[in-house]
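Asker: Each chain is listed here by its residues.
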Amino acid sequence: MLLSEIAKELGITFEGEDKKITGMNTLQEAEQNQLSFISNPKYTKQIPQTKAGAILVPKEATELVPSTCTPLVVEDPYWCVAIVSKLFAPPLEDETGEVVVGEGSVVDEKATLAKGAKVGKNCHIMAGVYVGSNTEIGDNTILYPNVVVYRDCKIGSNCIIHANTTIGGDGFGFATNKQGEHKKIYQNGNVVVEDDVEIGNSVAIDRAVFGSTRIKKGVHIDNLVQIGHNCEVGEFSVMVSQSGLAGSTKLGRNVVLGGQAAAAGHLEIAPFNQFAARSGITKSIKQSGKTWAGFPLYEHKTWLKLQGKIAKLLKQ
Amino acid sequence: MLLSEIAKELGITFEGEDKKITGMNTLQEAEQNQLSFISNPKYTKQIPQTKAGAILVPKEATELVPSTCTPLVVEDPYWCVAIVSKLFAPPLEDETGEVVVGEGSVVDEKATLAKGAKVGKNCHIMAGVYVGSNTEIGDNTILYPNVVVYRDCKIGSNCIIHANTTIGGDGFGFATNKQGEHKKIYQNGNVVVEDDVEIGNSVAIDRAVFGSTRIKKGVHIDNLVQIGHNCEVGEFSVMVSQSGLAGSTKLGRNVVLGGQAAAAGHLEIAPFNQFAARSGITKSIKQSGKTWAGFPLYEHKTWLKLQGKIAKLLKQ
Amino acid sequence: MLLSEIAKELGITFEGEDKKITGMNTLQEAEQNQLSFISNPKYTKQIPQTKAGAILVPKEATELVPSTCTPLVVEDPYWCVAIVSKLFAPPLEDETGEVVVGEGSVVDEKATLAKGAKVGKNCHIMAGVYVGSNTEIGDNTILYPNVVVYRDCKIGSNCIIHANTTIGGDGFGFATNKQGEHKKIYQNGNVVVEDDVEIGNSVAIDRAVFGSTRIKKGVHIDNLVQIGHNCEVGEFSVMVSQSGLAGSTKLGRNVVLGGQAAAAGHLEIAPFNQFAARSGITKSIKQSGKTWAGFPLYEHKTWLKLQGKIAKLLKQ
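Chains as they are written, first to last, in my numbering: chain X, 489 to 804; chain D, 489 to 804; chain C, 489 to 804.
Bear in mind the hints are in silico, worked out from the structure with no lab data behind them. Quantities reported herein were computed from a predicted structural model and do not represent experimental measurements. Any given hint could be a false lead.
What the hints assert, rightly or not - Once the Cα atoms are required to be at most 30 angstroms apart in a straight line, the calculated DSSO-like pairs of lysine-lysine come out as: (1) 603/C to 606/X; (2) 800/X to 793/D; (3) 803/X to 774/C; (4) 642/C to 547/C; (5) 789/D to 496/X; (6) 797/X to 797/D; (7) 496/D to 539/D; (8) 789/D to 803/X; (9) 603/D to 642/D; (10) 671/D to 705/D; (11) 547/D to 574/D; (12) 774/C to 803/D; (13) 609/C to 609/X; (14) 774/C to 666/D; (15) 800/X to 547/D; (16) 530/X to 574/X; (17) 778/D to 793/C; (18) 672/D to 609/C; (19) 609/X to 705/X; (20) 793/X to 705/D; (21) 642/C to 672/C; (22) 508/X to 496/X; (23) 803/X to 774/X; (24) 603/C to 705/X; (25) 642/X to 642/C; (26) 603/C to 789/X; (27) 547/C to 789/X; (28) 789/X to 609/C.
Said to hold, decoys possible - Some chain D residues flagged as far from chain C (calculated, every beta-carbon gap over 10 angstroms): (29) 517; (30) 646; (31) 669.
Where a beta carbon is used, it is the ideal one built from N, C-alpha and C, also for glycine.
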């Protein structure tokens, strides 16, 4: 899509040399054929370094835009992200594309492989499963009944995904205007599940807004777990039932979240940290190998001590 | 159904003029052709004003029943509500009723439209979806794979409902006798989802016991969210993943519930209130536009201050 | 399978008389044709009483093994449990086995009854439902659309299971080695749901690792509830939305868990205890009929008093 066409959709005058734009991305990740945006003043300092071919910016930030990047000056860049995201959204299902099923795989006749879906060898795709267009499943993987994998995702080999789980649903993203109305930001990324991952029942792992949500090798996820868009769950990490990650949080390897524990968005958790059931994580953790509990979060032994102190209030 | 027939089902003697009863409802909402009940003494004062045609009452409250309303005197009115609710429950699926699919809509051959289901124009009903009898879907709405909408519900236009979500499942209602046994109260209401609503994966929105559970225009609901029977979620409100509402709670417009936040039943929350992740709301909130946190709930800034005070206990 | 074959799979030398082993079980439950194991030193004292035909033990515990039980000496017994569990795992679906549907039952053509599935009389098996091999459904039971019941489970009569719920998914079990890698422990038990049980939408009830997870007569379970492997939910107990039980916890009769409440694993809760919303239960409760709240858990009235004391900290 031409940048001039995007400008037209946004109802703004386009000046300068036109260029082809193939998608959107963040300031740090965007490449020359992508459109970026500045929605939060704290990222303003990243503008001069961006490699994006174009950027949605408010007037006051145009001076920072490098010469390789064409500014589209708008009043509310995030609202414009929502508008543009729809332009790049693929169809729900492709109309063409070969369906490939590897040797030894069993695909139940009540399962659906959309156009362009690819299933490896010796897989078991059970009744009621849906595999979207351009999604690839590795070898020896089991999708239990009624699992849904949205389009463009990748599931590794030797994975087990249990019934009624959804991989690649839309991340929870929208812009809000001053009247409080929302506009959906289309989630044009995907989910990548690496090898040897097991995922329980009724889990929701959202696709990335740009790029990938990633579940790394050997991860075990229990039932009813939520993983937001653009998260990364490190190798051999464990998420117990009803735990959750808000968007863009990254767990290192062998992190354990107990039942109903949850982390806020945009955090980084160092490897081998363990969180007791119902921990509430709101800050990044740089040290490895500690055990935590509570909300607000404390080291587990401190939390226990604190609960003792709190109990003593009853005697006052 | 005749009131005398209902009395017979309850095993009580019926006296007076018979009348036709078409359903049940609360004291405040019941009309002349409906049966009401008094199950909680705190509603006793509403009896004289009821427009219900008949009422299940304990003996001691019969004096309060207005002359337009026939009392059915019973020992345990709520248990009787359970018995009678079953009499008014429709079949799981109708045996007749035209299935209507509007122009431009795509209904996957692995989806099910029960008798009497109506789908508007340009919708996308994907594989494994179930749309119940007498349920209506507006225009341009997408139901992702394996979404289930129970019978008699209404989904608006321009809605997106993600995979494995259930709309219109039975509310959690039952009567309990002195032996601790339960009897299901059939949930004969429905769910109404207005236009421009997006609902995530594996969400559960229960149908009303009487009347409607209502999700108003422009609401955004994340994954794994629970909405109990007879709730109302106001325009442009937002419910983040794993949050929940118990029955009959009403959120005003632009209310935000953070992840894992929850509200007890029968509350009213004024517009533009925001609740941090894991807030526990147990009282109605009349003021608009505040930010809250914690359980018990405090204003967010107070909660932060309180956590500071609690942390100081460690030094005592 | 012969014990010598199991030893071979584990790469250990087998000595002594060979015997036929038909499965695995705990020290207390194992019978003469079963293999047991010791994975936690606190169970070492149970070794002398075991009736197991063989046991996976570390070298230092071999002296305790009774003469009826053949020791398989291994370095990491729990890792070996994982390896052996796979040997006893049945296929996802049987290739033979009569499908039985009782008189008066309606099975939607879009439902799947795997080989060996048995449905009683007057049931309603709706579209998209999956009933696994060797699973039995009683009479008058309703499975709403897209319910999945894994193989080898039993569902009673007069049950209602709502849409998108999964019964019998694998319990969350794996062994972890010193490198932090996990190996799945196959869950070869089942789930037994007794009569008159109602289960909401998107609930996950895991099958037992050995034996049965059991939901007893008259239980009511709300939406999005998690029940771990080997739990037992007592007669007429109630679990409100988003509550959860970790593995092997047993609730007595008429226990009530409020919304988002949860219990840790391996607990026993006496009958008629009630837990307020978001209670966190970490210890067994021997007294009946009390009301609890909070995390850490207090008696409800004490918790209320404590919250008052905590609030006073704001004034200090």
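Asker: Against which earlier hints does the structure fall short, listed by number upward?
Answerer: 4, 5, 10, 12, 13, 15, 20, 23, 24, 25, 26, 27, 28, 31
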